[in-house]
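Undergrad: Given next are the chains, with one letter for each unit.
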Amino acid sequence: MTEPLLQITDLQVAFRAGKTDIPAVRGASLTVYPGQTVAIVGESGSGKSTTAHAIIDLLPGTGHVTGGSIVFDGRDITHLKRREREAIRGSQIGLVPQDPMSNLNPLVRVGSQIKESLEANGIAKGKAADKRVVELLEEAGLPDAASRARQFPHEYSGGMRQRALIAMGLAARPKLLIADEPTSALDVTVQKQILDHLETLTADLGVAVLLITHDLGLAAERADHLVVMYKGQVVESGPALQILKNPQHPYSKRLISSAPSLASQRLTSQLRAEVRESSVKTAGEIAAEVVAEDELLGGEVTTAVVEAKNLTKVFKLPGGAPGRSIDFTAVDDVSFRLRRGTTTAIVGESGSGKSTVARMVLDLLEPTSGSVEFDGIDITSLRDKKQQLAFRRRVQPVFQNPYASLDPMYSIYRSIEEPLRTHKIGSDKEREAKIRDLLDKVSLPSAVMRRFPSELSGGQRQRVAIARALALDPEVVILDEAVSALDVLVQAQILTLLNDLQAELGLSYLFITHDLAVVRQIADDVLVMQNGKVVEQATVTEVFDRPREEYTRKLLDAIPGGSIELAS
Amino acid sequence: MWWYVGKRLLQAIPVVLGATLLIYAMVFLQPGDPILALFGEKPVSESVKAQLEAQYNLDQPFIVQWLLFLGGALTGDFGLSYSGQPVADLIGRAFPVTLKLALMALVIEAVLGIIAGFYAGLRRGKLFDSTMLVVSLLVIAVPIFVLGFMLQLVFGVQLQWAPATVGGDASITRLILPATVLGLVSFAYVLRLTRTSVVENLTADHVRTARAKGLSESEVNRRHVLRNSLIPVVTFLGADLGTLMAGAIVTEGIFNIPGIGNLAYQAVLRGEGPTVVSVVTVMVLVYVVMSLLVDLLYAALDPRIRYA
Numbered sequence: 001m002t003e004p005l006l007q008i009t010d011l012q013v014a015f016r017a018g019k020t021d022i023p024a025v026r027g028a029s030l031t032v033y034p035g036q037t038v039a040i041v042g043e044s045g046s047g048k049s050t051t052a053h054a055i056i057d058l059l060p061g062t063g064h065v066t067g068g069s070i071v072f073d074g075r076d077i078t079h080l081k082r083r084e085r086e087a088i089r090g091s092q093i094g095l096v097p098q099d100p101m102s103n104l105n106p107l108v109r110v111g112s113q114i115k116e117s118l119e120a121n122g123i124a125k126g127k128a129a130d131k132r133v134v135e136l137l138e139e140a141g142l143p144d145a146a147s148r149a150r151q152f153p154h155e156y157s158g159g160m161r162q163r164a165l166i167a168m169g170l171a172a173r174p175k176l177l178i179a180d181e182p183t184s185a186l187d188v189t190v191q192k193q194i195l196d197h198l199e200t201l202t203a204d205l206g207v208a209v210l211l212i213t214h215d216l217g218l219a220a221e222r223a224d225h226l227v228v229m230y231k232g233q234v235v236e237s238g239p240a241l242q243i244l245k246n247p248q249h250p251y252s253k254r255l256i257s258s259a260p261s262l263a264s265q266r267l268t269s270q271l272r273a274e275v276r277e278s279s280v281k282t283a284g285e286i287a288a289e290v291v292a293e294d295e296l297l298g299g300e301v302t303t304a305v306v307e308a309k310n311l312t313k314v315f316k317l318p319g320g321a322p323g324r325s326i327d328f329t330a331v332d333d334v335s336f337r338l339r340r341g342t343t344t345a346i347v348g349e350s351g352s353g354k355s356t357v358a359r360m361v362l363d364l365l366e367p368t369s370g371s372v373e374f375d376g377i378d379i380t381s382l383r384d385k386k387q388q389l390a391f392r393r394r395v396q397p398v399f400q401n402p403y404a405s406l407d408p409m410y411s412i413y414r415s416i417e418e419p420l421r422t423h424k425i426g427s428d429k430e431r432e433a434k435i436r437d438l439l440d441k442v443s444l445p446s447a448v449m450r451r452f453p454s455e456l457s458g459g460q461r462q463r464v465a466i467a468r469a470l471a472l473d474p475e476v477v478i479l480d481e482a483v484s485a486l487d488v489l490v491q492a493q494i495l496t497l498l499n500d501l502q503a504e505l506g507l508s509y510l511f512i513t514h515d516l517a518v519v520r521q522i523a524d525d526v527l528v529m530q531n532g533k534v535v536e537q538a539t540v541t542e543v544f545d546r547p548r549e550e551y552t553r554k555l556l557d558a559i560p561g562g563s564i565e566l567a568s
Numbered sequence: 001m002w003w004y005v006g007k008r009l010l011q012a013i014p015v016v017l018g019a020t021l022l023i024y025a026m027v028f029l030q031p032g033d034p035i036l037a038l039f040g041e042k043p044v045s046e047s048v049k050a051q052l053e054a055q056y057n058l059d060q061p062f063i064v065q066w067l068l069f070l071g072g073a074l075t076g077d078f079g080l081s082y083s084g085q086p087v088a089d090l091i092g093r094a095f096p097v098t099l100k101l102a103l104m105a106l107v108i109e110a111v112l113g114i115i116a117g118f119y120a121g122l123r124r125g126k127l128f129d130s131t132m133l134v135v136s137l138l139v140i141a142v143p144i145f146v147l148g149f150m151l152q153l154v155f156g157v158q159l160q161w162a163p164a165t166v167g168g169d170a171s172i173t174r175l176i177l178p179a180t181v182l183g184l185v186s187f188a189y190v191l192r193l194t195r196t197s198v199v200e201n202l203t204a205d206h207v208r209t210a211r212a213k214g215l216s217e218s219e220v221n222r223r224h225v226l227r228n229s230l231i232p233v234v235t236f237l238g239a240d241l242g243t244l245m246a247g248a249i250v251t252e253g254i255f256n257i258p259g260i261g262n263l264a265y266q267a268v269l270r271g272e273g274p275t276v277v278s279v280v281t282v283m284v285l286v287y288v289v290m291s292l293l294v295d296l297l298y299a300a301l302d303p304r305i306r307y308a
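Protein chains in written order, with the UniProt record's numbering: chain A, 1 to 568; chain B, 1 to 308.
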């Protein structure tokens, strides 16, 4: 038996608030052997990142180790002096941080930032270091490394920055690499490339990897050994496949059943069919009623509540010379029908134009050409204020970031009430009753009304955002990455909620996402977009079972953990 | 980039036109007759008065006065002051003095403010930080004329470390006291700005990454914290130099410095339209050029910023 490279025993970490210590990690133990890949899995706030940062003493703010020990390479490194600590960082333990956008100094050339690492660890200096930097960037899979090294971070894409950060973390050839959510900010296909590369690279160099992730599928696919953390404690650890197939702790079981990448394979399409059946029926009844009542918009009951015809959006970007501009086609000839009471998902990577489509359907952005028809009426013809209001009432959005889409100065009550006020609906009493009803629908206690967004969790906020969107009894809800910012468990809850609401209220969803894994749980029709164009358009089962296009297959392959068979 | 510079300079034209028109209107509306004031208690004959009014275009409506001034200014002729000297000469003499004073004040505030702000930021909440915050608050709260007279009395008169007034000889040693007074107020702002910026940058992700690379604390602070923190400070300093060069009426008054501020003040008192407007035009131009330079400097410091 070889000696463990890293052994954490009963680690306790706390953050000081005033005079009291608030524990963040409460007795975490784990072991990493040389060359092994170990993944710590858990939701946000589980203490997984805190544990990782404690190893190299980079705890933010008032965080400090209050107990337990960290032994690295046979040496206790729990409480080191500053110089000893600096000697270990980089050369013994490397870090690949989470967000490639914020982890490079925007003012310093990428090459110089990697060179710093070489110089600080006494590996190379001057010209030799410059040469080594180019080799390292090449090794990290960056094309044209010599000229790229002289560029600034803002000239890199997200994937390229992450490669640069990997080059940086491995520059001094550490024995252990801590990869803290190294790809969660990237598109799935880029994510796969980077992880594949990291895997081969660390295997070649014999570097042990401690992978921190919230994505169970990803962890299971990349790591030999899993450590599941929950509320600052390690609740389960063991070989990856064993945990996936036979989880012992209730939390691990919940994680596995909610992980979209794993669960979506098992979610019966029958369940979705039931939702759809009920929803289409209700939607038909509501539509007949609305059309009969609504004199402003008129229109007729059609099967397609929203129909986009040849939507194209061209943005004019400032060009090189004064007065000149470059045309950038963000959306190119996109057509689709959203059938009443069903869900159409638009899937694509960042820059594919999916959000631009959503904004055009919401009439927040005017298409360059093409049209969006709502109940058979072209929405660009609605130029009268009253007609526009009537349209807005029937189509409501829910956005990605529940932290940014609620006004922090508005109480929850006021946030949900605002659309009702704007549309002058009901008296104060009626509004209050309506808000209570809405909160009940999204499973929030009515006591939440008097609280403010900062007092709620991410999942609760997204529920509030959904309640606000439903306040006007819309027929169509546009969900732009509405579950992407949420932890898996919360994500699963919100998806269930959306399904329930659809069945009950006959809503039609336009579901914009980059994550194919969640599509299966909610969508009926799928549009796959790439570079502004629709590359594939089919029902959800067809897309998953018989993808016709190469690009769709690539997206499907990139779903982490997609290939792992689970005994259910 | 040259297109951007050209565009910015073109924008200066309406600014200068508007500013001069506004000043002309205000001088015109000023109560009292400047010609009568010129003669003080002495009686003035109607013919002399009429002749002088004609010479300075005072008999014209103010729009015409303004247009005549603009016409002259375009050919480099800013007219004569009421004491008969060309205004261009007056400005030519006062401007170098103000420039020297402004640059000295800028150096004092930048060096002291950045160093103190940097260390206060690194030691947030510690004794040095709290002391600096109190000191800067005091400096901001006390009016500049109080500060000016106090320093003049203590260092100029009692201790005699530096000359108490400047007068005709605007040498560096004579300007040291007024430059300190002038720089003190901005020093407080530079300190606070640097401190806030350093505190913010210390928690930036890329600073943590730099630590993870194995860089020592001083390397991290020097290469990643200080440089990134200086961007807003440099922007402030540039704008501040513009303000300082437009003259410091109070400080120049206290220390009797023959600078732009003093010149403008005297001209306003005498109701000398052409002098006031000429000085203001120069100030506006200085401001426009300074703010352009600040924006260009900003792009030089931050590679993400490009002007088109």
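Rather than coming from a laboratory, the hints here were simulated on the basis of the structure. Accuracy of the hints is not assured; some may be wrong.
Heads up, simulated DMTMM-like pairs for lysine to aspartate or glutamate below, C-alpha to C-alpha not over 20 angstroms straight-line [unchecked claim]:
#1 K175(A) / D73(A)
#2 K19(A) / E3(A)
#3 K192(A) / E181(A)
#4 K131(A) / E119(A)
#5 K81(A) / E200(B)
#6 K125(A) / E219(B)
#7 K81(A) / D33(B)
#8 K231(A) / E221(A)
#9 K309(A) / E274(A)
It should be emphasised that the depicted structure is a prediction, and the values quoted were computed from it without experimental measurement.
Undergrad: Do the alpha carbons of K81(A) and E200(B) lie within 20 angstroms of each other, as the hint requires?
TA: Roughly 26 angstroms between the alpha carbons, so the hint for K81(A) and E200(B) is violated.
Undergrad: Has the given pair, K19(A) with E3(A), been kept, meaning a C-alpha gap of at most 20 angstroms?
TA: 40 angstroms, violated
Undergrad: Going straight from one Cα to the other, do K231(A) and E221(A) come out at no more than 20 angstroms?
TA: At roughly 24 angstroms apart (the allowed maximum being 20 angstroms), E221(A) and K231(A) break the hint.
Undergrad: Regarding the pair K125(A) and E219(B), is the alpha-carbon distance no greater than 20 angstroms?
TA: Distance of about 16 angstroms is within 20 angstroms: holds.
Undergrad: What's the verdict on K131(A) and E119(A), does the C-alpha distance respect the 20 angstroms limit or exceed it?
TA: 13 angstroms, holds
Undergrad: Between K175(A) and D73(A), does the CA-CA distance stay at or below 20 angstroms?
TA: 9 angstroms, holds
Undergrad: Compare the distance between the alpha carbons of K309(A) and E274(A) with 20 angstroms, and conclude whether the hinted pair is satisfied.
TA: Distance ~29 angstroms between K309(A) and E274(A) Cα, so the pair is violated.
Undergrad: Need the status of pair K192(A), E181(A): alpha-carbon distance at most 20 angstroms?
TA: With Cα atoms ~13 angstroms apart, K192(A) and E181(A) stay inside 20 angstroms; holds.
Undergrad: When you check the alpha-carbon spacing of K81(A) and D33(B), does it fall within 20 angstroms?
TA: 78 angstroms, violated
In summary, the numbered hints that this structure violates are 2, 5, 7, 8 and 9.
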